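A.B. asks: Here is what each chain is made of, one letter per residue.
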Amino acid sequence: EAQVTQNPRYLITVTGKKLTVTCSQNMNHEYMSWYRQDPGLGLRQIYYSMNVEVTDKGDVPEGYKVSRKEKRNFPLILESPSPNQTSLYFCASSLLQGAEEKLFFGSGTQLSVL
Amino acid sequence: RKEVEQDPGPFNVPEGATVAFNCTYSNSASQSFFWYRQDCRKEPKLLMSVYSSGNEDGRFTAQLNRASQYISLLIRDSKLSDSATYLCVVIGNNFNKFYFGSGTKLNVKP
Numbered sequence: 001e002a003q004v005t006q007n008p009r010y011l012i013t014v015t016g017k018k019l020t021v022t023c024s025q026n027m028n029h030e031y032m033s034w035y036r037q038d039p040g041l042g043l044r045q046i047y048y049s050m051n052v053e054v055t056d057k058g059d060v061p062e063g064y065k066v067s068r069k070e071k072r073n074f075p076l077i078l079e080s081p082s083p084n085q086t087s088l089y090f091c092a093s094s095l096l097q098g099a100e101e102k103l104f105f106g107s108g109t110q111l112s113v114l
Numbered sequence: 115r116k117e118v119e120q121d122p123g124p125f126n127v128p129e130g131a132t133v134a135f136n137c138t139y140s141n142s143a144s145q146s147f148f149w150y151r152q153d154c155r156k157e158p159k160l161l162m163s164v165y166s167s168g169n170e171d172g173r174f175t176a177q178l179n180r181a182s183q184y185i186s187l188l189i190r191d192s193k194l195s196d197s198a199t200y201l202c203v204v205i206g207n208n209f210n211k212f213y214f215g216s217g218t219k220l221n222v223k224p
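Chains as they are written, first to last, in my numbering: chain A, 1 to 114; chain B, 115 to 224.
Hints are not guaranteed to be accurate.
[To be verified] Taking lysine-lysine and the DSBU-like style, the derived pairs with C-alpha atoms no more than 35 Å apart in a straight line are:
1. 18(A) to 71(A)
2. 116(B) to 65(A)
3. 116(B) to 102(A)
4. 116(B) to 18(A)
5. 223(B) to 116(B)
6. 156(B) to 65(A)
7. 17(A) to 193(B)
8. 18(A) to 159(B)
9. 156(B) to 71(A)
10. 57(A) to 211(B)
11. 156(B) to 57(A)
12. 193(B) to 223(B)
13. 159(B) to 102(A)
14. 211(B) to 18(A)
15. 159(B) to 69(A)
16. 57(A) to 159(B)
17. 116(B) to 71(A)
18. 193(B) to 159(B)
19. 57(A) to 69(A)
20. 102(A) to 156(B)
21. 102(A) to 219(B)
22. 223(B) to 159(B)
23. 116(B) to 69(A)
24. 159(B) to 211(B)
25. 17(A) to 156(B)
26. 17(A) to 223(B)
27. 211(B) to 71(A)
Read the hints as simulated data drawn from the structure, not as lab findings.
Keep in mind the model is a prediction, meaning the values are calculated, not measured.
Just chain A, same shape as in the assembly:
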């Protein structure tokens, strides 16, 4: 089944404790992206990647890191989480070619930083 797998689904952590949220897709998509969603603010892009070893900042990259060493994986790293990073996070991927431009989303990670 074609899907984007994101883990964990829920995460509670404390300020300053490094964490990684994993994202993997099995559709051979070049494009992958991370978003955060906060009430009243909609989906905001954190980072995106057009292909292996190619990553770029989105609208809200501060406090986040990403890597794209393999095509299928695009982990989101919070080196020193802070309470303002408490949010709902989504990973997404796309082929970005004609009719396959649509985004496929992971099921989300609800992060709480205490």
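On the provided structure of chain A, position chain B as indicated by the hints.
C.D. replies: Quick look at chain B alone, frame taken from chain A:
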């Protein structure tokens, strides 16, 4: 100005009603347009792509107006299960970014 703007709603409608949402976009060179549906705290899921010629899928009809830079979604014969937030999504002219509206919330009441 935001790239994509939507009326946040909520739109409260009775079952069986017809409801329409609009979404405006600021970049006239935008290439692709979509409507996504998002249930509370779940991932957005593609509802429809939007083409210049318009497209219809059952009770749902999407239209694109490039001259006025807006897309629309029409839902006929609303069902309780249509209650959700509807996101307008636009791909920019450089094909590397998806722009999201903040969503329009629909509540369909019995």
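A.B. asks: Against which earlier hints does the structure fall short, listed by number upward?
C.D. replies: 7, 26
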